[in-house]
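The opening position of the sequence shown corresponds to residue 1 in full-length UniProt numbering, with each subsequent residue numbered one higher.
Calculated from the structure, these hints are not laboratory results.
Here a beta-carbon is modelled for each residue, glycine too, at the ideal position from N, C-alpha and C.
Keep in mind that the hints are not guaranteed to be accurate.
Pairs of lysine-lysine residues, derived as DSBU-like cross-links and limited to a Cα-Cα distance of at most 30 Å, are as follows [claimed, not checked]:
(1) Lys65 to Lys87
(2) Lys298 to Lys86
(3) Lys298 to Lys247
(4) Lys87 to Lys298
(5) Lys65 to Lys298
Per label pair, the in silico range of CB-to-CB distance [as the list claims (entries may be wrong)]:
(6) Glu107 to Glu282: 42 to 50 Å
(7) Asp206 to Glu98: 22 to 30 Å
(8) Leu115 to Lys87: 41 to 49 Å
(9) Leu67 to Arg178: 23 to 31 Å
(10) Asp206 to Gln313: 52 to 60 Å
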Amino acid sequence: MNRRLWRLLVVYLLLAAAAAGTVGVAIARSRHPDSRPIQAVHPQRRPMEDVIFANGRVAPRHQQKVLPRPGLAVESIPVEEGQTVKKGDVLVRYAAGELEGQVRQAELALQRAQLEHRRAQGQLERARACARENGTRGEAAQGPPDEPAPPDHCIGSVPEAEAELQVELARLGVEQARWQLEQARRQLAGAEVRSELDGVVLQVADPEGDLLQGAGGPLVTVGTLEELVVDLVVPELDGVRVRSGQKVRILSDAFPDATWEGTVERVGALVVTRTGMGGRQETGVPVTVALPQGTPLKPGYTVNLEIVVEARQALAVPLSALVGTDGAEVWVIHDGRAVRRPIEVGVSDAEWAEVRSGLTPEDWVVVDPPADLRPGDTVRLVARERQEAAGDEGEPGARD
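Please take these sequences and the hints and turn them into a complete structure.
And the structure:
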């Protein structure tokens with residue numbers, strides 16, 4: 001290939017690189033015939049984000065879960081999944097026979113307590129009457145000041161102070177029996193569990209399953225579809241960095257070409273342990289992310305989340321420039337030779353890594369370095385001659 005064709009090829013490669021957006025990329029090669037082309041770039045200042053990756057499950061913002069009631073059998077569930085319900089519609093009916101019996105028992109207990117209260121009041125009135133009679137007889141008695149004998153009808157009566165105590169205890173017994181009756185009646189009224197909101201039935205338990213025997217899960221779940229959130233648990237170490245108001249990118253495998261932006265709405269105050277996706281136990285900080293309206297996501301969908309903890313302008317290099325077992329080194333071109341340099345790496349994204357120290361914007365950093373590149377290898381920037389003609393001495397390279 002003659003020199004004219006070689007220059008045309010160089011111009012073509014530079015134009016292609018510029019069209020691809022790789023401004024600042026240079027191609028270097030050694031003058032040795034067995035060398036291979038390599039690429040080098042200047043570190044760039046670009047927006048970098050500190051991101052926490054997590055996954056969660058879509059849920060209605062407003063929902064009602066009807067849980068089994070221990071000791072009560074379910075008589076019927078008169079709704080189906082997908083059914084629209086209004087506030088006040090019956091969701092679950094429990095067998096009321098046992099509850100009716102509990103109400104009757106509470107009514108009888110209240111009657112007994114009221115009778116005991118009346119009996120205690122009668123004893124108090126008798127004690128007070130006897131006390132008055134004893135006082136009158138004592139004033140009228142003649143002779144030595146011996147204590148007068150009580151009237152026959154006062155023999156066996158309790159002292160007035162004790163009678164007052166019995167009345168107070170009986171009154172408390174009536175109050176307790178009345179409260180128990182109210183609770184029993186409330187339980188009976190709750191034999192029909194009604195919807196607390198206008199919404200859609202999202203889940204109904206299998207009538208033949210264990211749920212109807214009180215085995216734990218909800219019998220019926222009702223929710224609204226207009227406002228959705230994502231519930232997730234963030235590990236403890238990351239949870240301390242999550243704050244309300246932070247932006248969140250939301251992705252779903254069901255819609256691979258879509259990304260939605262949500263907002264951290266709530267961060268739990270306590271670390272929790274709960275069963276997550278796949279049945280595994282998750283320990284961390286509960287977080288709620290608000291979804292934008294109008295997404296095609298449905299309650300129960302699993303989504304991936306990228307919580308943007310911090311966004312800033314930072315010096316960065318392509319991930320393909322990082323070398324070393326911990327990715328904390330790069331190859332730079334210095335005086336036309338390859339030099340391996342340690343750097344401090346910060347946050348990274350899918351393509352770039354932040355450089356906190358070790359490089360300047362003027363350095364040339366090798367991208368996709370060959371595996372056999374060695375310190376001191378001589379390289380030369382192909383674009384050098386053209387830039388030297390324009391008076392640019394910024395690119396390093398070996399001269400003949």
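Earlier hints that do not hold, by number: Structure breaks no hint.
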